[in-house]
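From first to last, the protein sequence lines are chains A and B.
At position 111 of the first sequence the residue is numbered 111 (the UniProt record's numbering), and the sequence of numbers has no breaks.
At position 624 of the second sequence the residue is numbered 624 (the UniProt record's numbering), and the sequence of numbers has no breaks.
Among the hints, erroneous ones may be present.
DSS-like cross-link-like pairs, simulated, lysine-lysine; straight-line CA separation at most 30 Å [as the list claims (entries may be wrong)]:
#1 B:K611 - A:K352
#2 B:K37 - A:K592
#3 A:K586 - B:K37
It is worth saying that the hints were derived from the structure and are not from the lab.
2 protein chains.
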Amino acid sequence: MGNGDYAYPSSMNVESVHRVAIPPHQPFFESLKYSVKETLFPDDPLRKFKNQPASRRFVLALQHFLPILEWAPQYTLQFLKSDLIAGITIASLAIPQGISYAKLANLPPILGLYSSFIPPLVYAMMGSSRDLAVGTVAVGSLLMASMLGREVNPIENPKLFLHLAFTATFFAGALQLSLGLFRLGFIVDFLSHAAIVGFMGGAATVVCLQQLKSILGLEHFTHQADLVSVMRSVFTQTREWRWESAVLGCCFIFFLLVTRYFSKRQPRFFWVSAMAPLTSVILGSILVYLTHAEKHGVQVIGELKKGLNPPSATDLVFVSPYIGTAIKTGLITGIIALAEGIAVGRSFAMFKNYHIDGNKEMIAIGTMNIFGSLTSCYLTTGPFSRSAVNYNAGCKTAASNIVMAIAVMLTLLFLTPLFHYTPLVVLAAIIVSAMLGLIDYEAAIHLWKIDKFDFLVCFSAYFGVVFGSVEIGLIIAVAISVLRVLLFVARPRTFVLGNIPNSGAYRNVEHYQNAHHVPGILILEIDAPIFFANASYLRERITRWINEEEERIEGAGKTSLQYVIMDMTAVANIDTSGISMLEEFKKTVDRKGLQLVMVNPGSEVTKKLNKSKFLDEIGHKWVYVTVEEAVGVCSFMLGTHKANHMKDESEGLNSV
Amino acid sequence: MGNGDYAYPSSMNVESVHRVAIPPHQPFFESLKYSVKETLFPDDPLRKFKNQPASRRFVLALQHFLPILEWAPQYTLQFLKSDLIAGITIASLAIPQGISYAKLANLPPILGLYSSFIPPLVYAMMGSSRDLAVGTVAVGSLLMASMLGREVNPIENPKLFLHLAFTATFFAGALQLSLGLFRLGFIVDFLSHAAIVGFMGGAATVVCLQQLKSILGLEHFTHQADLVSVMRSVFTQTREWRWESAVLGCCFIFFLLVTRYFSKRQPRFFWVSAMAPLTSVILGSILVYLTHAEKHGVQVIGELKKGLNPPSATDLVFVSPYIGTAIKTGLITGIIALAEGIAVGRSFAMFKNYHIDGNKEMIAIGTMNIFGSLTSCYLTTGPFSRSAVNYNAGCKTAASNIVMAIAVMLTLLFLTPLFHYTPLVVLAAIIVSAMLGLIDYEAAIHLWKIDKFDFLVCFSAYFGVVFGSVEIGLIIAVAISVLRVLLFVARPRTFVLGNIPNSGAYRNVEHYQNAHHVPGILILEIDAPIFFANASYLRERITRWINEEEERIEGAGKTSLQYVIMDMTAVANIDTSGISMLEEFKKTVDRKGLQLVMVNPGSEVTKKLNKSKFLDEIGHKWVYVTVEEAVGVCSFMLGTHKANHMKDESEGLNSV
C-alpha cells in the first residue's frame, strides 16, 4: 500500500498531533537502584530519617526496632486499666488453649504455658500491632506434630521429639527474622487469601478429626492426619469407644458453642465466650475430682511441673539426620505462622486505623520465636481467636500481652497442680469449638460468586489438606495460585477496540455494545506485558484477529482493511522475545500490505523498542500518543487515498 | 469532604459524560468454554472444518495429521530436482554428524545412521515444515549421556545403557506427542529465547570440552561434563597427550572453520561447508589407512555393522530401578529437543512466509521419536545446522528428508565398511566446528543492550551449564524466567499521570516531561492485574503516592488534594484479594476526606467489582470511561466547591 509515503497535506494540522516521547536515558546502575528500591522498599522506610540530626536518627532507629520506646512514654493510667482487663481475659483463654495445643503437637502440656510467657514479652517490646495477642496456634501445632512425627516417634522418644520441636522453632524464627531483615515479606503474599481460607478450613477439619481420639476415649489412634486414615482408625475400633468420655465431650462442645454464639450476638458480653474455656476446665476438673472418673476411662492431664521456663539452648539439635527435618519443619511452619500473624495484625490495624509494617512484624515474630526456642517454648504467632478477644476486651497497646504473660507466670509458679484432674476431653472440646470457627464456608461461597479461580484455589487447598496432608494442601494451593499468574501472562486477553459515539474514546467492542468499528482500520489492545511466555501466542492470536477482520469485511463488502493500530497502553513491559515477535509481526503485516500503527507505548516499552530500532522500523511517524489521533491520521489518509483513487479513475475515463 | 453529595449543575452537560457499561452476564460454563478455547486453541484449528460435508471433513482431518497428503498431489518434477539436490547435500552432512553425535551420547556409532533413516521418513509424512532436516543433535546426545550415565556405566554395561537410551527416547516421544495432542505447546514457550541462547552456548562449550578427549587422544577421561572436572582431567594427565592426534584434530577444525567462513561469505557455495565434514571423514580415513596411524595412538571407529535398523521394541526397559531415570531423561531431553525443533521450523517458515502449527509439529516430532525408539534410533529433532543447509540447498518440501533417508539407507546397506578407518579425532573436529557456531555471543551482547534481565537469564543458563550441569543450567534459566514473570506481577509499576498540553490525553509524568499535574487531583495508573501477589504492595505504594502528593502540595501551598483518580486501563484482571485491597484502600481514602474516582475498568474487572458491590460502594457516578471526563467533572466540582467556599467566606465578611 505504501501509505507511509504520503505526505501530510497542508489542510491537516500536523502540529496538533502529539509525539510519543522517548524517555531520557537512565544509567544502568541508577535504574537498577530504582528497581531494587521499588521491589524491596516500597514503603520507603528511611523517609523519616531524612534531614534529622544524628542523635535523633539513633532514637528513631531504636524506636524502629523496639516500638515500645515509642508508645511507653505516652502510656497512661487509662491505658493500663484497659490493658489489664484485656490481658487477664486473654490469659484465661490462653491457659486452656495453650495446654490443648501442646497436646495437639504431641508435646508436654506444660509447653503450652511456657509458650504463653516468654514470647508475649518479646513481642510486646518489638511488635507494631496493638491488638495481636501472642500464643501457640492449632495449625502450627498439628503441622509440627505431623512433620516431626515422620522422623521421630513422640511416644517412644519424647525427649528427642521435644528437642526437635525447639530446633524447628528456632529455624522458623530465623526464617521469619531474615525475611523481615532482607525485606522479603512479599513471599508471604504468595499465600493468597483464597489459599489461606481453604488451607485453614482444611487444617481445622483435620484438627477436629484428631480430637475424636480424646472425645471417644481411644487408647490407640493413627499417626496419619488425613480423613481416610482417621475414619478407618475410628471405625475399626468401635468396641473401644467410651460413652462417658463422649457424653462429657459433647456437653462441653455444646456449652462452648452456645457461649460463642451468645457473645457474637451481644458483643459487650465478649467475656462470656472468653471465659468459657477456663470455666470448662474448672468444671471438668471438679467433676473428675469428685467422681474419680479418671479411673473409669476418662483420661486426665496428670502432673504439671511447677516453675518457670527452663532454658533450652543446649537442647537444640544441629546434627544430621535430624537437622534436615527440623529445617524443613521450621520453614513450613514459620511461613504459615507468619502468614497468620501478619494477616491478623493487619486486619485489626485496619479496624483501628493505624499502620503496621509487615517487615517489622516479621522481625518481631522471628525474634520472639528464636527467644522462645531457647527458653522451652515452641512455635508462637498471633492467633486470630485470641487477638479477637484481646481487641473486643478493649486492649490499647501491646501491654496486654505483658499482663497475660504475668498471669501465665503466676499460674506456672503456683497453680499448675490444679490442672492435675483436668480431663483431656475438655481440652478436645476447647479445640473443636475453636476450630469450627475457622471453617469459613461463607468466605468460600463468596469466592465462588466473585472469582471461580480463587474458589478453585480454596477448594484444592481444603481437599489437599483433608485427604492428603497439610503440606500437600499448601503446595497445591501455592502451585495453583502461581499457575494462575503464569497463565495470566501466558494467555493475555486481546481486544478489538471501537469508537464510543460522541467521544474520542476507543474501547473494547465486546464490553461496550455501542462502540463501533472504524472502516478500514483494525484497533487491537493487548492486556499484558509481551514476554517470552506469551510472544508466540500473541503472534498467532493477533494474526487471527486480522484474518477474521478481513473475512468480515470481505463478507460485508466494506472498505478493505489498510491500518492495524496496536494500543500498547496496557503493555507494561516487553522483553527481547516480545520484540522479536513484534518484528516478525511487522513483516507479516507488511506482506499483507497493511500499515502497522502503534499507540501509547509506556516508558519501559518505548525505551526498549527504541534501543532495538523497532521504532525506526515502523517509522516514528506511525507511533501516536492516543488512539484518537492515530485514527484521525489513518482516516484522513484513507480519505486521501480514496480521493486519489477516484481521481485516477475519473482521469482514466476522461482520457478514453 | 462529601463531594459526592453535589448534584451536577445544569450548566454542565451531563449527557456528554459516558458511563462504564457493565458487561452482559455470561453463564459460568460459557465463560469457562471461552477461556479454555482461548487458552488451548488460540489458532482456532477447527475453523476450516466449518460448513464442510462429512467426506471433505474426513479428508481435511487426514491432511491435518498427514500433511504429505496435502502437498504430494501438487508435487512437480521441478520440486523433485530441488529436493534431490538438497537431500543428497544434507545426507553428506548427516552421515558424519550422526556418527559423531552417537559417540557423544556414548552409544554405538551406527545408531547415528539408524537415527537418520527411520525418523526422517516419519517426519516427511507428518511434519508441516518444508525446511526442517531431521537428525540427532549434539545437546540432546550429551544430555542423554550424562543423565543415563549417572545410573548405568556405558562402558561396563553398554547393552543396558543402549536399552535405556531407547526407553528414554520412547518417553521423550510420548511426552512430545501428548503435549501436541493436549495442545499444551505453551509449556515450551517458558524456555525463553534468552534462556535458549545461554543454554545452547553453555551446552556447546561443554560439548567442545568433551572433545578434548579425542583430540588429545586420551584413554581415560572424566565422566563429569563441567568445566572444572574436565580441566582437571586434562591437565592431570599431560603426559598422555598424543601430538599426532592433536595436530590432526587442529588441522581438521581449521579446514572446517575456513569452509564455513567461506560459505557464509558466498551463500551460493553453501555446498562447500555442507560437504566439508564428509570430505574430512574421507581424507582422515584415507590418511589413517595409508599411514596405519591406528597403530600409533590415533583411535578409529572400527567395524560398523552392515544392514538396516534392527527392531528394538523388546529392548525397552519398563522395570524399576531404571524406568525412573529413563522417564526423567526422556522428559528433559524431549522438551529441549522440542524447543529446538520448533524454533528452527518457525524461523525458516518465517523466511519463506508460510505457517507452521506448533501443536502439529509436536505430534510429528513425538511420533517420529516413538517410531525411532522401536527401530533402534535415539532422540532426533530438527537441528539448526542441518536445516540451514537444507534451506540453502533449495529444498522445496519435506521430500528432501526422504531423499536423505534413502541415501543413509544405501550407506547402511553397502558403505559402512568404508568408515572402519575413520579417526575419532575427525569426528571430534566435526563436532567442535559445529558447536562453535552455537556459541552466539552476539545475541548475548544484544540481550545486554536491550534487556538486562534477559541477559541475566542467558548468563545464568550459560554458567549453570558450564560449571554445573545441563539440567542445572536449564532449571536456573527457567526459574529466573518464571521469577521475572512473578516479580512483574508482584511489583507492578504505578505512575502519576498528568495532562499533555493541548490534548485530552493523560500520561505518565516521568515519561512525558511536558505533562502537568491537575490541581487538587491525583491521577494514578496501575500497570498490572491486581492479584494476591501484589495487593498489599499496591496498597502501600498507592498510599505512599497520596502521602507524597499531599506533602508536595503542602510545601507548594497549592490547592489541597481532593480527588484520587485511578486509571484502571492497564489492570487486566483482579482477584478477590485485589478487591479486598480496593475496599481497604477506599476506607483509607475516605478517612483522609478524599473522593476515589475510577476510570475505565476492563470488562473482567467491571464484572467482578460489580458482583462484589464495590461499584455500589464508590458510587456508579464516580466511575468514568476516560480520564478526561473524570478530570472534567472533578475540576468542575473543585470550582463549584471553591466558589461555594468563597461565597461562604464573602457572606461571612458581609455579615460582620
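Index of numbered hints that the structure contradicts, given in increasing order: Hints that this structure does not satisfy do not exist here, as all of them hold.
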